[in-house]
Amino acid sequence: MKGTDSVTGKPLQGLEHLRQSIRDILTTPVGSRVMRRDYGSRLYELIDAPMTRETLLDIYAATAEALIRWESRLRITRISTTSAGPGQIDIAITGEYLPNGEVVTLDGIRVT
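At the far end of the sequence shown sits residue 847, using the working numbering, and the numbering has no gaps.
Since the hints were made in silico from the structure, they are not lab data. Careful, some of the hints might be misleading.
Stated by the list, open to error - The following label-pair restraints were derived from C-beta to C-beta distances:
1. E751 - D773: 34 to 44 Å
2. G738 - M786: 32 to 42 Å
3. T787 - K737: 35 to 45 Å
4. T847 - T787: 17 to 27 Å
5. D825 - G738: 30 to 40 Å
6. P785 - G744: 19 to 29 Å
7. E780 - N835: 33 to 43 Å
Positions of the beta carbon are idealized from the N, C-alpha and C atoms, including for glycine.
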């Protein structure tokens, strides 16, 4: 799939396009898009909660449900947090990139 880099405006494809798409899905609160109210993730409801085991499980579940619904190019096998602090969380996602079958890890996806 080809697209446009949201920062530079240059053409974007492959894993970098996938990374941008995942970041967009995870950083968009559900209900915030006027014509697509169900697009996005529930992570905004969770990033300010105390970082307990229950909250981390909710973060993993919210990440998985959003990506399963909105990103068909990736079959998720693992989600982990690489850092978490007040108002932000960094997520790493491992899975199969379906266009070529390659196992990929996308880390450093920050939700603030």
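Checklist line | Assessment of proposed distance window 30 to 40 Å (beta carbons of D825, G738) | finding: Since the Cβ atoms of D825 and G738 sit about 23 Å apart, the hinted range of 30 to 40 Å is violated.
Check: Can the suggested window of 34 to 44 Å be confirmed for the beta-carbon pair E751 and D773?
Finding: 26 Å, violated
Next item on the list: For the range 32 to 42 Å, tell me whether the beta carbons of G738 and M786 fit it or not.
Entry: The hinted range 32 to 42 Å holds for G738 and M786, with Cβ atoms some 33 Å apart.
Check: So does E780 sit 33 to 43 Å from N835, Cβ to Cβ?
Finding: Holds, since E780 and N835 (Cβ atoms, about 34 Å apart) stay within the stated range.
Notebook entry, point to check: Does the Cβ-Cβ separation between T787 and K737 fall within 35 to 45 Å?
Noted result: For T787 and K737 the Cβ distance comes to about 41 Å; the hint holds.
Notebook entry, point to check: Is 17 to 27 Å right for how far apart the beta carbons of T847 and T787 are?
Noted result: Given a distance of about 20 Å, which is inside 17 to 27 Å, the answer is holds.
Check: Given a hinted range of 19 to 29 Å, is it respected by the beta-carbon distance of P785 and G744?
Finding: 40 Å, violated
In summary, the structure is inconsistent with hints 1, 5, 6 from the numbered list given earlier, while agreeing with the others.
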